[in-house]
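This is what each chain is made of:
There are 2 protein chains.
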Amino acid sequence: MYEMMLRLEGKRERNLYEQIYEYVKGEIQRGNIRCGERLPSTRLLAQQLGVSRSTAQLAYEQLLSEGYIEAVPCKGYFVCQVEELYDLGQRESGGEVREWKGEEKKWLYDFTPSGIDLEHFPYSVWRKLYREVLQDDQRELFHLGDAKGEISLRETICQYLHQARGVRLQASQVILGAGNDYLQMLLSRMLGTGYRIAMESPTYRHAYDIFQRLGYECRTVSMDRYGMSVEELRLSGADIAYVMPSHQYPMGVVMPIKRRQELLQWAAKGEGRYIIEDDYDSEFRYGGKPIPSLQGSDSHQRVIYIGTFSKSIAPSIRISYLVLPLPLLERYEQVGRSFSCTVSRTDQRVLQYFMERGYFERHLNKMRALYKSKHDVLLAEVKGMKSVRRILGERSGVHILLQMNGEMSEEERILRAEQAGVKVYPLSEYCIDQRRYEPTVILGYATMTEEEIQKAAGILREVWG
Amino acid sequence: MYEMMLRLEGKRERNLYEQIYEYVKGEIQRGNIRCGERLPSTRLLAQQLGVSRSTAQLAYEQLLSEGYIEAVPCKGYFVCQVEELYDLGQRESGGEVREWKGEEKKWLYDFTPSGIDLEHFPYSVWRKLYREVLQDDQRELFHLGDAKGEISLRETICQYLHQARGVRLQASQVILGAGNDYLQMLLSRMLGTGYRIAMESPTYRHAYDIFQRLGYECRTVSMDRYGMSVEELRLSGADIAYVMPSHQYPMGVVMPIKRRQELLQWAAKGEGRYIIEDDYDSEFRYGGKPIPSLQGSDSHQRVIYIGTFSKSIAPSIRISYLVLPLPLLERYEQVGRSFSCTVSRTDQRVLQYFMERGYFERHLNKMRALYKSKHDVLLAEVKGMKSVRRILGERSGVHILLQMNGEMSEEERILRAEQAGVKVYPLSEYCIDQRRYEPTVILGYATMTEEEIQKAAGILREVWG
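The listed protein sequences derive, respectively, from chains A and B.
Counting in our numbering, the first sequence runs from 179 upward without gaps.
Counting in our numbering, the second sequence runs from 179 upward without gaps.
Mixed in with the good hints there might be a few duds.
The list cannot tell twin chains apart, which means a pair is met if one copy fits it or any two copies do.
[Said to hold, decoys possible] Distance condition first, Cα-Cα at most 30 Å in a straight line; then the derived DSS-like pairs of lysine-lysine:
1. Lys633 with Lys203
2. Lys601 with Lys447
3. Lys436 with Lys447
4. Lys564 with Lys436
5. Lys253 with Lys284
6. Lys284 with Lys550
None of these hints come from the bench; they were simulated from the model.
It should be emphasised that the depicted structure is a prediction, and the values quoted were computed from it without experimental measurement.
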């Protein structure tokens with residue numbers, strides 16, 4: 179029988195039993211106690227070590243639980259056969275993996291088209307609503323909720339989409355998710371594989387990448403000033419067309435009713451065809467009424483509508499929504515319902531109150547005015563630039579495009595601006611195919627103040643000649 | 179040229195231009211203005227209707243934006259050719275879809291094994307942390323963060339997993355996501371298709387279903403009192419073994435070190451083999467130290483570790499984490515990084531503070547004591563029951579299993595309990611294959627008070643005889 183050569187330190191029971199446990203485990207791992215060897219009884223061990231019997235018992239129980247020893251009735255405790263134990267705890271995980279550190283701020287001015295203005299977010303209201311939602315009487319929110327998202331928030335979104343975007347829907351068609359990427363993933367569960375997806379070029383590249391990673395064959399289809407070419411779409415053999423009819427990203431094209439009709443007809447005429455309508459920033463339009471959604475004109479249940487609060491509230495709140503046409507809603511009930519909702523119920527309730535109580539509308543109105551003002555300042559600046567041949571995508575969204583005259587390449591314009599500390603974005607970043615186009619730069623104005631816009635535009639005027 | 183027969187109401191400009199816009203749009207949709215027809219100039223229209231020219235201009239601009247009319251330079255405004263317009267806005271979306279209303283509470287007492295005790299959650303602390311996080315100086319949290327999750331929270335989790343669970347990791351291996359379902363989906367991106375996944379039976383059925391929906395072939399492998407049979411695992415031809423070594427759900431088996439070693443050897447010996455270790459509730463153990471993770475014994479980078487705060491904090495907070503072995507971490511950088519993090523940065527920061535400042539540990543200690551007390555009460559109750567042959571899975575987690583004597587079928591025991599208002603759960607719900615086993619019921623005690631447990635157990639004693 180194995181005898182323990184162990185000197186215990188301290189007096190507390192927990193401490194003592196852990197020392198015994200660690201010692202025996204170590205001895206087994208080091209091979210100093212062989213497989214099958216009998217350990218002293220708890221009574222004997224307690225005597226040997228001068229501890230209580232319950233302390234010895236606790237140590238053995240832990241070793242039993244973890245499988246280092248086994249108890250044979252009426253015989254005692256024996257060491258188990260444990261192979262390759264010398265490996266345990268020896269090697270470290272090896273390779274170091276570089277940690278992503280986020281983008282560094284290296285520009286004086288950054289005309290990023292993907293940021294939003296967070297200076298004017300009503301933080302105090304948001305905080306107040308959180309406080310309210312986290313009150314004691316709402317603790318049912320800590321239980322798991324509906325996989326689609328809370329019905330109360332879905333109804334609120336439903337009302338909003340109906341009124342503001344002309345979407346025709348019932349709350350049961352709305353599915354909330356933590357961001358568009360996730361919803362694209364979820365959608366792929368409902369669609370299954372084998373679809374060919376057509377997107378415009380240039381387009382929202384991130385969505386294109388995600389679809390590719392999800393295993394879909396993606397084709398690019400050219401666009402004219404009305405949006406996606408339906409003729410080319412037909413030739414592409416695609417089953418799904420991904421479009422942004424209210425405000426194409428990045429070109430800013432608003433798809434006119436005729437092209438919408440052609441697109442809807444294309445979808446209606448083929449089995450299993452769908453249109454994905456990404457309505458990512460339709461809230462921001464600085465002249466006239468908002469452009470109604472394409473979904474609202476669809477009478478054949480072919481449009482999958484996807485929207486987000488990333489632009490209208492904040493990128494970090496991670497709440498987006500799908501509005502499914504009925505055939506896909508049935509698929510959802512079969513294959514999608516089992517995926518739990520990815521948005522916390524607390525966040526859902528806060529957003530619901532934010533919308534229900536009019537804060538959202540007020541915030542949108544305020545932001546619309548602010549963005550319009552920034553937009554006007556930028557427009558006034560660039561209109562005077564000799565190097566700018568044409569301005570595209572104005573009066574909507576939070577960026578404009580400048581078609582430049584041909585004296586300098588797109589690349590060189592970007593580079594000169596960068597050297598002077600101003601970051602502007604080349605259209606080529608959004609182009610998926612190799613089609614030729616005129617040198618064009620993209621200027622987002624959401625994150626900059628009006629003063630910064632003026633200063634940055636001044637620099638561009640200088641370096642672009 | 180078309181002449182407008184329109185009587186305007188009211189005086190406000192917005193109102194007036196909308197009336198003109200709606201009228202013209204309606205006339206085009208109804209076919210009363212034909213394609214190619216010329217509309218009056220804005221000057222003329224303003225005269226005809228007695229409005230300002232800018233009002234007329236606004237109405238036309240909206241019609242232009244939406245593509246109902248087009249402007250031909252030096253000629254005027256013409257109605258576009260728009261096909262099938264009569265369809266627009268006519269049909270409604272049709273079928274009604276039944277809305278999921280949530281589970282009704284129809285039992286006096288519910289021994290649900292999936293709930294947790296939310297009575298004792300430190301809501302005031304949670305609220306305080308939210309308030310702090312939502313302070314003005316932290317508004318960078320409203321920008322989009324790292325796709326893996328905030329590095330600060332990942333480091334905090336890293337430390338916790340290392341100390342409490344013996345996981346060997348760097349923060350770069352941790353990926354946060356909104357719940358296990360999402361992380362299984364994300365993991366499937368990294369793994370790709372073609373894997374065969376082995377799970378025990380009975381098992382955590384939800385994970386099984388999700389893997390099936392993700393397109394994986396799933397096999398069940400029987401288990402003995404040490405956990406998954408490695409012999410059967412080999413024969414199954416599976417590449418991935420999904421196990422819960424610290425506390426198998428629902429059987430409560432703790433996998434001993436020998437079986438762990440065999441499993442790790444199985445994984446190390448085949449190209450591309452992995453073990454998914456679901457460590458869902460290892461925090462709750464009521465005797466002895468916690469059982470270390472399997473991942474901590476893996477020296478071949480074969481274990482994918484997945485954990486959650488659903489049990490330890492609340493199901494609704496939607497924060498889970500993957501710890502990836504290095505080969506999959508490389509795959510993540512290639513194919514997973516583009517999926518934005520699904521957890522809001524606010525929630526991440528709140529959780530980080532909750533852990534860093536010791537609240538999490540205190541909460542766990544409190545809950546461990548509370549659950550242990552409930553556990554002891556339930557155990558004392560069921561030990562006296564004649565119909566209970568054996569108790570399984572005690573001293574850990576938040577449920578126990580009762581192996582019943584053979585006088586009554588599992589089904590009948592469940593039914594009798596239900597008739598008396600007590601919901602208990604059959605083991606058969608967790609069984610995927612058709613293997614036979616003794617009648618067994620599952621009793622979760624997390625959501626009930628001690629008094630409720632006593633009363634409910636009293637009813638069971640009566641109806642089970």
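(message) Under the constraints set out in the numbered hints, which ones does this structure not fulfil?
(response) 1, 2, 4 and 5
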